[in-house]
Amino acid sequence: MVNDMILNFVDELLKEAGFSGSLEKHMEYKESLLALVQQRLGGEIMKLMNADQLNSYVDLVETKPNAEQLSDFFDKNIPDLDQKVQGILAGFKKDFVNILSSLAK
Numbered sequence: 001m002v003n004d005m006i007l008n009f010v011d012e013l014l015k016e017a018g019f020s021g022s023l024e025k026h027m028e029y030k031e032s033l034l035a036l037v038q039q040r041l042g043g044e045i046m047k048l049m050n051a052d053q054l055n056s057y058v059d060l061v062e063t064k065p066n067a068e069q070l071s072d073f074f075d076k077n078i079p080d081l082d083q084k085v086q087g088i089l090a091g092f093k094k095d096f097v098n099i100l101s102s103l104a105k
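Numbered according to the working numbering, the sequence shown spans residues 1 to 105.
No wet-lab data here; the hints were simulated from the structure.
In this text the structure is predicted, and so the values were computed from the model without any measurement.
One or more hints might be untrue.
The calculated DMTMM-like cross-link candidates involving lysine to aspartate or glutamate, where the alpha carbons are at most 20 Å apart (straight line), are [said to hold, decoys possible]:
1. 76 - 95
2. 30 - 12
3. 84 - 68
Required output: the full structure, derived from the provided sequences and hints.
Spelled out as structure tokens, the structure:
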């Protein structure tokens with residue numbers, strides 16, 4: 001569910017930003033923006049966990065978990081994850097729009 005939320009967010013952000021061009025360029029922008037969003041989310045989500053949870057996360061990652069296992073881990077360890085992700089995405093969008101605005105000046 002979070003993955004769909006992130007993909008939809010990136011699509012909407014690109015649309016709102018008015019990025020245009022070839023399909024190839026659009027995909028390039030989308031991949032770059034998706035990487036930035038995932039990086040921000042990862043950092044912010046790590047801040048929501050205590051030391052024991054972080055250690056458990058590291059142990060889990062070392063087993064090369066699938067998406068369902070990761071989702072289960074976060075659902076168990078971070079209450080209201082969807083709302084927190086939405087808040088992080090809103091902050092990312094605000095920063096992104098501010099950067100675009102400053103570049104347009």
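For each hint, the structure was consulted:
Pair hint residue 76 plus residue 95 does not hold up; C-alpha atoms about 29 Å apart against a cutoff of 20 Å. For a cut-off of 20 Å, the pair hint linking residue 30 to residue 12 stands: about 10 Å separates their Cα positions. Restraint check for residue 84 and residue 68: satisfied, since their Cα atoms lie roughly 19 Å apart, inside the 20 Å limit.
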